[in-house]
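A.B. asks: Sequence:
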Amino acid sequence: MDDYQFSELLPLGEKHYAARKLDGQVGTVSVQGKDFIEVEGNLLEDLAYEAFKEVNFYLRKSHLSQLSSILDDAEASNNDKFVALDLLKNANVAAGQVLPMCQDTGTAVVFAKRGPQVLTDGEDERHISNGIYRAYRDLNLRYSQLSPVTLWEESNTKNNLPAEIDIKLGKGASYEFLFMAKGGGSANKSFLYQETKSILDEERMLDFLREKIQSIGTAACPPYHLAVVIGGTTAEYALKTAKLASAHYLDELPTEGGKLGNGFRDLDFEQKVFELTQTIGFGAQFGGKYFCHDVRVVRLPRHNGSLPIAIAVSCSADRQVLARIDSNGVFIEELEHDPAQHLPEKGVTPTEAGSDSVEIDLTQPMSGILSQLSGLGVGTRVLLTGPMIVARDIAHARMRELLNEGKELPDYIKNHPVYYAGPAKTPEGYVTGSFGPTTAGRMDTYVQQLQDAGGSLVMLAKGNRSSVVAKSCGENGGFYLGTIGGPAALIAQDNIRSVEVIDHQDLGMEAIYKIEVERFPAFVVIDNQGNDFFRPDDRKLMSLGNTRLSKGSK
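So the sequence shown is numbered by the numbering used here: it starts at 3 and just counts up by one.
In short, the hints are calculated from the structure, not lab data. Since the model is a prediction, treat every value here as computed from it, not as a measurement. You may find that some hints are simply not true.
Unchecked claim - Once the Cα atoms are required to be at most 27 Å apart in a straight line, the calculated BS3-like pairs of lysine-lysine come out as:
hint : residue 1 : residue 2
1    : 23        : 36
2    : 516       : 160
3    : 261       : 36
4    : 274       : 63
5    : 160       : 55
6    : 261       : 173
7    : 55        : 242
8    : 173       : 242
9    : 473       : 214
10   : 36        : 170
11   : 170       : 199
12   : 242       : 261
13   : 170       : 115
Said to hold, decoys possible - Estimated spans, in silico, between C-beta atoms of each pair:
hint : residue 1 : residue 2 : range
14   : 198       : 6         : 25 to 35 Å
15   : 190       : 409       : 24 to 34 Å
16   : 282       : 253       : 16 to 26 Å
Every residue gets a Cβ at the ideal spot worked out from N, C-alpha and C, and that includes glycine.
Let the hints inform the model, and build the full structure from the sequences given.
C.D. replies: Spelled out as structure tokens, the structure:
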């Protein structure tokens, strides 16, 4: 016992960040010589409301600066630069507080530390949930949470609750918060691997991470903030640590370990992993070096019989904000409310010669659309104008049920391209709410059956797909077109001209829509021969060209 020294598992230093004060009075009381703060429920509710308003419309200055720096990097591909520019434009649209930056306005996640000298009524989680409820009710945000009615049946809660709220013991008379809006795409790219001592070698670890990081793909809207956690007292703790690290919440960890069991960051290995990500080739979605903005590597203690390794990402909608309540009041981290200052004055370098876009007329019969696409190679940029069908997970499941029952597919899925998406709420006076693509891979299991039945022959979404889809496209003459993941507000503003629900209205945002689009940018990712851009052996860089309606930067 004489040699024992206590050490926190994650000993964080003090956080320093620019903050603004919110309205609300914090009470103080002295008990037996100790000063306590009294936090009323309305303060927690109002803070949660403000936090989820902030993170859905604004980003951190550091994140925007990283996007801007891509435009100044001579080694960045044209594709890296155009994606970065589109994301910067999207941030400016979202800053109007009408269209959220992403159509998936996320699961509400709250991580908090309440000091022992903070007095509440004990209903903290309820008050925080009330604030989240108000934010998703009053703002143009999307309801994404499904409640299990039975083991197999689900129903949308229609308020985006429940939230994930984790409150642990902090220090002193201070209440510290991290608020996150975690989208499904990036949450799905959290991975756990159970390894052994044999991998605790730099060369072996880098080889292991190259394979696993490459498997993340582009479906979660890079450039990413990537976190790698090596070790962990339990598997679930490794995953939780990775999520916090991807939000830069653990940046104040010590940078060296010791014999007391504390976690630490390895800055040297972070740089090596970051350099590794630049050689994978995916870049910012369509080829280049900016697969990641940065990397965090956290080493944790472990049981000698296990070695969990966790990987997580925060996507281009890097939505988190810090806050605190102390005797001086309620404070929230200052996000960038003027993102225009991060835009370049003259746009970016013009595209390479020969990379002009091909206009695709979606008003023609499907045979004509397929004929026009068949003359294009993988990597060709196209601009889509005309009608499309919007359908995602549940709608695809219902179409599969029709086929399983021996019925015909609806004509709309045979006659029009299908866009995998689900919009946020439509603001008053607008055609649509934020309406970016969802992850294509979730629909992979439906493609063969639908295409065999004459449907889903032209698909539009984000990210890479499995070999099953390439095989089906090769057999059925279909195409998968990829578009930039992330700029949902920009797509709603610039490219979508009308929206109507045409089937399964009971599904809410997962209903089937018919939309009219104008010069919607996309790229041939899988063609009718089964060629796939994301196959490493034959991947080439796509030239995106100007990514919006105007001929130049808008």
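A.B. asks: So, for every hint listed, does it hold in this structure?
C.D. replies: The hints, checked one at a time:
A threshold of 27 Å between alpha carbons decides the hint, and for residue 23 with residue 36 the separation of about 25 Å falls inside it, so the pair holds. A C-alpha spacing of about 22 Å is found between residue 516 and residue 160, which places the hinted pair at or below 27 Å, so the restraint holds. Between residue 261 and residue 36 the CA atoms are separated by roughly 35 Å; this puts the pair beyond 27 Å, and the hint is violated. Restraint check: the Cα-Cα separation between residue 274 and residue 63 comes to about 25 Å, which is no more than 27 Å; the hinted pair holds.
Of the pairs offered as hints, the one joining residue 160 and residue 55 holds, with about 18 Å between alpha carbons and a cut-off of 27 Å not exceeded. The straight-line distance between the Cα atoms of residue 261 and residue 173 is roughly 24 Å, inside the 27 Å bound, and the hint therefore holds. Between residue 55 and residue 242 the CA atoms are separated by roughly 24 Å; this keeps the pair inside 27 Å, and the hint holds. Note on residue 173 and residue 242: the hinted pairing holds, with a Cα-Cα distance of about 21 Å set against a maximum of 27 Å.
Of the pairs offered as hints, the one joining residue 473 and residue 214 holds, with about 24 Å between alpha carbons and a cut-off of 27 Å not exceeded. For the hint linking residue 36 to residue 170, the alpha-carbon distance of about 21 Å falls within 27 Å, and the restraint holds. Pair hint residue 170 plus residue 199 does not hold up; C-alpha atoms about 32 Å apart against a cutoff of 27 Å. The hinted pair formed by residue 242 and residue 261 meets the criterion: a straight-line CA distance of about 23 Å does not exceed 27 Å.
A threshold of 27 Å between alpha carbons decides the hint, and for residue 170 with residue 115 the separation of about 5 Å falls inside it, so the pair holds. A C-beta distance of roughly 29 Å is found between residue 198 and residue 6, which places it inside the suggested range of 25 to 35 Å. Between residue 190 and residue 409 the C-beta distance comes to about 31 Å, which sits within the given range of 24 to 34 Å. Between residue 282 and residue 253 the beta carbons are some 24 Å apart, a value that agrees with the proposed interval 16 to 26 Å.
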